[in-house]
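With chain Y held as given, fit chain R onto it using these hints.
Read off the chains here:
2 protein chains.
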Amino acid sequence: METKNKTHSSELRQDLITGDWVVIATGRAKRPEDFVKNSRIISENNVSECLFCDPEKSGQEKDILIYKDKNGDWTLRVFPNKYPAFIGGKPQSLEEGPYFAMTGAGFHEVIVTRDHHKQAALMETMEIVEVFDAYQERYLDLMNKKDVNYISIFHNHGKEAGASIAHPHSQLMAIPVISPYVELELDGSEKYHRQNRHCVFCVIAEYESKVKKRVVFENEKFIAYCPFASRAAFEVWVVPKKHSPYFERTASEGKISLAEVFGKALHSIYKALGDPAYNFYIHTSPCDGKDYPHFHWHLEILPHTAVWAGFELQTGIEISTIPPEAAAEFLRSRQNL
Amino acid sequence: METKNKTHSSELRQDLITGDWVVIATGRAKRPEDFVKNSRIISENNVSECLFCDPEKSGQEKDILIYKDKNGDWTLRVFPNKYPAFIGGKPQSLEEGPYFAMTGAGFHEVIVTRDHHKQAALMETMEIVEVFDAYQERYLDLMNKKDVNYISIFHNHGKEAGASIAHPHSQLMAIPVISPYVELELDGSEKYHRQNRHCVFCVIAEYESKVKKRVVFENEKFIAYCPFASRAAFEVWVVPKKHSPYFERTASEGKISLAEVFGKALHSIYKALGDPAYNFYIHTSPCDGKDYPHFHWHLEILPHTAVWAGFELQTGIEISTIPPEAAAEFLRSRQNL
Numbered sequence: 019m020e021t022k023n024k025t026h027s028s029e030l031r032q033d034l035i036t037g038d039w040v041v042i043a044t045g046r047a048k049r050p051e052d053f054v055k056n057s058r059i060i061s062e063n064n065v066s067e068c069l070f071c072d073p074e075k076s077g078q079e080k081d082i083l084i085y086k087d088k089n090g091d092w093t094l095r096v097f098p099n100k101y102p103a104f105i106g107g108k109p110q111s112l113e114e115g116p117y118f119a120m121t122g123a124g125f126h127e128v129i130v131t132r133d134h135h136k137q138a139a140l141m142e143t144m145e146i147v148e149v150f151d152a153y154q155e156r157y158l159d160l161m162n163k164k165d166v167n168y169i170s171i172f173h174n175h176g177k178e179a180g181a182s183i184a185h186p187h188s189q190l191m192a193i194p195v196i197s198p199y200v201e202l203e204l205d206g207s208e209k210y211h212r213q214n215r216h217c218v219f220c221v222i223a224e225y226e227s228k229v230k231k232r233v234v235f236e237n238e239k240f241i242a243y244c245p246f247a248s249r250a251a252f253e254v255w256v257v258p259k260k261h262s263p264y265f266e267r268t269a270s271e272g273k274i275s276l277a278e279v280f281g282k283a284l285h286s287i288y289k290a291l292g293d294p295a296y297n298f299y300i301h302t303s304p305c306d307g308k309d310y311p312h313f314h315w316h317l318e319i320l321p322h323t324a325v326w327a328g329f330e331l332q333t334g335i336e337i338s339t340i341p342p343e344a345a346a347e348f349l350r351s352r353q354n355l
Numbered sequence: 019m020e021t022k023n024k025t026h027s028s029e030l031r032q033d034l035i036t037g038d039w040v041v042i043a044t045g046r047a048k049r050p051e052d053f054v055k056n057s058r059i060i061s062e063n064n065v066s067e068c069l070f071c072d073p074e075k076s077g078q079e080k081d082i083l084i085y086k087d088k089n090g091d092w093t094l095r096v097f098p099n100k101y102p103a104f105i106g107g108k109p110q111s112l113e114e115g116p117y118f119a120m121t122g123a124g125f126h127e128v129i130v131t132r133d134h135h136k137q138a139a140l141m142e143t144m145e146i147v148e149v150f151d152a153y154q155e156r157y158l159d160l161m162n163k164k165d166v167n168y169i170s171i172f173h174n175h176g177k178e179a180g181a182s183i184a185h186p187h188s189q190l191m192a193i194p195v196i197s198p199y200v201e202l203e204l205d206g207s208e209k210y211h212r213q214n215r216h217c218v219f220c221v222i223a224e225y226e227s228k229v230k231k232r233v234v235f236e237n238e239k240f241i242a243y244c245p246f247a248s249r250a251a252f253e254v255w256v257v258p259k260k261h262s263p264y265f266e267r268t269a270s271e272g273k274i275s276l277a278e279v280f281g282k283a284l285h286s287i288y289k290a291l292g293d294p295a296y297n298f299y300i301h302t303s304p305c306d307g308k309d310y311p312h313f314h315w316h317l318e319i320l321p322h323t324a325v326w327a328g329f330e331l332q333t334g335i336e337i338s339t340i341p342p343e344a345a346a347e348f349l350r351s352r353q354n355l
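Quick mapping for you: the protein sequence lines, in order, are chains Y and R. FYI, in this note's numbering the residues of the first sequence are 19 to 355. FYI, in this note's numbering the residues of the second sequence are 19 to 355.
The following block holds chain Y by itself, in its conformation from the complex (with noise of 0.2 Å):
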């Protein structure tokens, strides 16, 4: 990495077809001839010259949040991202044309776990539940800064999930657009509980727990399964079985049993794809001061296991090729190794 980029910026831009936004983020990938295939070398880092090894030897920003052991050793730590793609203060609008635009305002931190070879697939229910703690306590306090709407919290293993660290890390981004990808879940929840007087996530989660062959672990709090309607070849959701739209509101016991329920599925994923690539998010409400009862806030994980191409590109149609009953059934058959 090379030193902060004097030129960074960050645009939100909007497709003023669909209204979709995208993030146009300079400083990351400087010119043009960076992007030639051959340079694009993303190297796995090794111990001795890891950034997240030790956060302050190697220039990183003070700490917005550190916790401790018992001994006073360093166990979690949550910084600002040197190569942010949202960048504090004021959205401005920016108008070009027909189009418009504003400025990338927002925050983008990072949330490091000391251990470098200890990815999330293979921490400790304890361990989890403290990274859990870290993602809620900087959600709280985000939340209601002013123009922040949504919060994204996300985990990127592996350099085929976009990882350009090897040490295991979380992000977090506070952002003044609501995700679209939330959106729809948003809308398609409200619909539904228009038209049914039910939570689609609760009929969903008690309907799993029910006929089973879809489930790869759960507890008397949550549900882990591989969704009807995959997206992805052992693609895996953790959904709190009490409805609750709120992932910030998650009490202490919630979040051991969370912590319980999505490290078993992660650790199945991890000995059935032979330590995949993978991403998992949480979708929760967002935070712009509105109410969303309808809405079911969840963990969503999605291994590495396949390249969009074409087809899916095109249409928004994903293809999996193999059934979420077979993937739950060796998911679950993995789950004890």
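Don't take each hint at face value.
For chains that are exact copies, the list does not tell them apart, and a pair is met inside one copy or across any two.
Under the rule of at most 27 Å between Cα atoms (straight-line distance), these lysine-lysine pairs were calculated in the DSS-like manner [claimed, not checked]:
#1 K163 <-> K100
#2 K164 <-> K80
#3 K100 <-> K75
#4 K209 <-> K308
#5 K177 <-> K289
#6 K75 <-> K177
#7 K80 <-> K100
#8 K164 <-> K308
#9 K228 <-> K239
#10 K75 <-> K86
#11 K259 <-> K308
In case anyone wonders, no lab produced these hints; they're calculated from the structure.
Quick look at chain R alone, frame taken from chain Y:
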């Protein structure tokens, strides 16, 4: 490749929350073990064992279409995909608990050009015209079939773009549902027309042709530009300048103009990014018997310049690290290499 799997089946499953569709097509990867990381190796075929260099010899089914040169040698052929994601027949409803699905009824064809080593980015204008001729001819044949409501035409080049066979080929899938991405554009363009009394694609094409900074290449009939809200670095759209909802109605001289602009744009990408993987595909109106006067067909080229990571997967908001203006400038500078 193995012999045709007897248990091959295809199912379109609807996401109960968002209404989106996914395809569960088994028979391509059969057992859960096939997903284990180390076994997923896609080899670059060489000519002597290439299935598409001599489709007859490799046991490919009968041609649906064949083009020949003046010596009687084939130059392009179309045949059914051996591992189809959609399989002929009438769509049957499938229900399970709260969920809805249907059999994946439809057609899945492969369009192969002869030269193993001549990828689309290296083709002459008239060679590209022949490919568009085949797209159009197959489109016109399939569009009136019962239960075909959308026809997706796309091309994958390179492993990272999802091509599993190195020999240049496009694919066509005729499906019973309308692609959600096209639906977003249909809705958006309809809404824009209602509010502004103009076609949004016409407005964009005109504006881009005027300001020039995002234009890669244009002629009298077509324009290629990097979209203002590009989803990926070096994304390029090829759009007819004259309003036209239906690709399949493109006249012969239109196809030559299209092939010139598309060929120039793709060749610039090839030169600028050093032979990258890419996808391109057509967005045209559905063929479900309705009219789509507000839509404007176009072709999208997506070079594989980045991996979709957690934020993109979580939100649907894509992060691009180069402004489209800079990308277009770079592409223009590589145009005549």
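Results of checking the hints against the structure:
1. In this assembly of identical chains, K163 and K100 lie within 27 Å of each other by CA distance solely inside one copy; the values are 21 Å within and 55 Å between copies.
2. Taking the shortest Cα distances, K164 and K80 sit within 27 Å of each other inside one copy (22 Å), while across copies they are farther apart (64 Å).
3. Taking the shortest Cα distances, K100 and K75 sit within 27 Å of each other inside one copy (14 Å), while across copies they are farther apart (56 Å).
4. Both within a single protomer and between protomers do K209 and K308 lie at most 27 Å apart by alpha-carbon distance, with minima of 17 Å and 25 Å respectively.
5. Taking the closest pair of Cα atoms, K177 and K289 come within 27 Å of each other both inside a single copy (18 Å) and across two copies (25 Å).
6. Proximity of K75 and K177 under a CA criterion of 27 Å is satisfied intra-copy only: 25 Å inside one chain copy versus 39 Å between copies.
7. Taking the shortest Cα distances, K80 and K100 sit within 27 Å of each other inside one copy (11 Å), while across copies they are farther apart (57 Å).
8. When the C-alpha separation of K164 and K308 is checked against a cutoff of 27 Å, the pair qualifies only within one copy, where the shortest distance is 14 Å, while the shortest distance between copies is 45 Å.
9. Within a single copy, K228 and K239 get their C-alpha atoms as close as 15 Å, which meets the 27 Å cut-off; across copies the closest is 59 Å, which misses it.
10. For the homomeric pair K75 and K86, the shortest alpha-carbon distance inside one copy (18 Å) is at most 27 Å, but the shortest distance between copies (67 Å) is not.
11. Within a single copy, K259 and K308 get their C-alpha atoms as close as 23 Å, which meets the 27 Å cut-off; across copies the closest is 43 Å, which misses it.
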